[in-house]
Amino acid sequence: MKAAESSFADRLLGRVRLSGLLSLAAPVVAILFAALITSIVLLATGAPPLDTLVIMGEYGVQPRSIVLTLNSATTFYLAAIAVAIGFRMNLFNIGVDGQYRLAALISAAVGGAVVLPGPLHTVLVILVAMLVGAGWASIAALLKVKRGVSEVISTIMLNAIATALGSWLLNKERLAVEVAGSNNIGTKPIAESGRVPGLALIPGTEAKVFGLLFLAIAVGVGYHVLLNRTRFGFDLRATGQSETAAVASGVNVKKMIVIAMLLSGAAAGLIGMPQLLGASYSYSLDFPTGLGFTGIAIALLGRNHPVGIAFGALLWAFLDTSSSILQLHEIAPELVAIMQGTIVLSVIVAYELVHRYQVVAGQRRVSKELASGTPPQGEGASA
Amino acid sequence: MEEAVISTSTPAVELEGITKRFPGVVANRDISMSVQQGHVHAIVGENGAGKSTLMKILYGMQRPDEGEIRVNGTAVGFRSPADAITAGIGMVHQHFMLADNLTVLENVILGSEPRRAGVAIDFGAARKRIRTISDTYGLGIDPDAMVEDLGVGARQRVEILKVLYRGARILILDEPTAVLVPQEVEELFGNLRELVREGLTIIFISHKLDEVLSVADAITVIRRGTTVASVDPKDVTARQLAELMVGTELPSPETRESTVTDVVALSVRDLSVHSADGRRLVDGVGFDIRKGEVLGIAGVEGNGQAELVEAIMGMRAADGEIRLGEEDISAWPTLRRREAGIGYIPEDRHRHGLLLEAPLWENRILGHQTRRPNVKGPWIDRTGAREDTRRIVTEYDVRTPGIDVDAAALSGGNQQKLIVGREMSGDPVFLIASHPTRGVDVGAQAAIWDHLRAARAAGLAVLLISADLDELIGLSDTLKVILRGRIVADVDPRDVTPERLGSAMTGAGGAA
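Protein chains in written order, with the working numbering: chain W, 1 to 383; chain C, 1 to 512.
Hints are computed from structural coordinates only; laboratory data are not their basis.
Heads up, the beta-carbon is just placed ideally off N, CA and C, and yes, glycines get one too.
A few of these clues could be false.
[Claimed, not checked] Some residues of chain W that are not near chain C, with every Cβ distance over 12 Å (derived):
# : residue
1 : 63
2 : 116
3 : 135
4 : 145
5 : 177
6 : 214
7 : 333
8 : 345
[As the list claims (entries may be wrong)] Just so you have them, the derived chain C footprint on chain W, three or more residues with Cβ under 8 Å:
#  : segment
9  : 224-234
10 : 247-253
With the sequences and hints as input, model every part of the structure.
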């Protein structure tokens, strides 16, 4: 008699799907709600809410801003996919951040040290990054499988270790050289043959879109195909939905944990690539930190769906980009962080509300069927 | 609605027009009944008819969408079990809610501890009160015994005592005999008569008709979520009652002619499973199952059946030898065992049999994710899997609006039919059927029995584990009794009664 209930975590991580139009209602409600909260904050700080949003919007659609948005979105997308791979299997890879930074550093060093013909050079750098990311993640995977250590704890600690290891490696005695014209240090710049040229996709600006935008798109497609079309993806989703049922069906859960963690780490390794191969050509201390955590927020926003994550990444990047105009108007750019936070929270709340609405609507439908005398589908004794 | 007993006194409990809806499952619809004070009032109905929901409503665990509840003539609206307890209603759940590592005393007072001077727990007063209650109603409970040392029957009496201790005058017992062997059932009924004599009212939920007829003063029959009759047990036979419950002709689990061959399909030798703390959960079990044979394992739940099944499936480490046909599969992982032709109908379909939040066609793939028609190489074959799901839905009469519906939306019986259909696909040579008809409605039960019989006739070897003794005796060609992890008796199913099987299960009877 008991209706099988999905847990809040299942709904949070998108393992329970909402159907039809309702799945669109949730994000729309969430963004409206976030706009409302932001307006209240703006009013409280004495800025006109509508004007501020208009300023951000106008700045955001300028060609140069669009390029900036697309470029950060590329990075965010890869970060969110890395997180989402784990989420789909109930693995919380909080260590995407450390995996990404270490991978970017070492692959940059390798890329700077060798000169290879054309695409081979690029491929080598990317492969090294994926291997390093996967390798760093494998520590957490093995600890979980062999010793039962929660991956949440181990990856958080590995982030700290990656930071320390990174600064130890990024030293003039080891992998770093002095960056010309500044007192900053970084890895030896990658030669022309390894770089990925930008694309002049957006007319009206000199700025170019990262060539590796297409890598992010390919990763998104690969993520979708792997999860939904392959046996491996089925096992992964099954393990995420019910580990006990997966075990009974013959899935080797430990093996799945290791593979999923490696995949997540390899994807994390890709996060730094658009920036490294498309703009800075060397890893230095000013590479952004905290991308792994942005990835978590965007994966939640996009509910682990490849298209949803793309929208989430674009929205996040748009807000980031347009924040730079706020200072000119003497509005605190931290406002954007508040908006991003409220959007994530309200998306989660909105999905929960819509889910409950769906349950009630289902109840009403069943009661209608009961009232008209036909038993709800599937119940009732057959003769 | 006819009343079986006309009484001038106020009924202890009256329900009127109770309706409760859930998404996708049968609900309570317009339930009306009246329970007299000092009666054992039985509520009977098949699995899934809505008995448990009704009791949850009466105990404040769920709120009815419509209708009125009156206790001792006063209308009540319970928001939580605490309200029900205040009104003098107590519930003994089907699954005991006791902490094993505490004493009876500690379990009973947990949550309503008597205080001395507002702080210290007054164990002395509690002990005295428990003794008084135990003596008044003849429960025979020692307040200082550890719960883990008690048998199932005694644990149940502790549960009853717990409820009485909180001042309940109306007791709800949800399927109290499900976990008991026949001898313990007799004891329980003795206790119930004692309670009623002292003026308490008991609402007794069951689907075991003989028991109901022997203990109840009044019976209400529920079918498909609504009350269909109120009868006096003196006026009805078990058969009439069953037909009221089911509304159709009764199915029977009996198999007729033997189809047992002399080809051994599965052979288990000296199989042992150890718990984490080194206890033997399965202890040197051995048996052969031949093609076309159903081997039944009888035993009180928790005597190693689940562990035995998991060991055969490769889900749990075990010592000993398991052979499938000629091959020693003891070291094989679960997947390889499944690929070799072991089908598995798990005891708990929600935990081990289904992905509740996934559509039916994805559930068709579960456990068969390396085989056609579900996959082609490393790729999921959507078309193949979906087509085969449609076949299962038709052949196994799974009532569903479509194959894209989540498994959670189906009723238990239909979920189970889907699992049976799935596990019968791909020509299994050996099937584990663990409680195959637990919690399914009578129609689905008959269908599942039919499928098992047909597969057996086609040469399938089946290991049947069930708590339903009629099912075990009716379907099995060979019966073994398991007790504390050991096979303690071989029983001939053609010549055994549930009572004798029950004594063998508790170790009282020895080999039958």
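(request) Check each numbered hint from earlier against the structure, then list the numbers of those it violates in ascending order. (result) none
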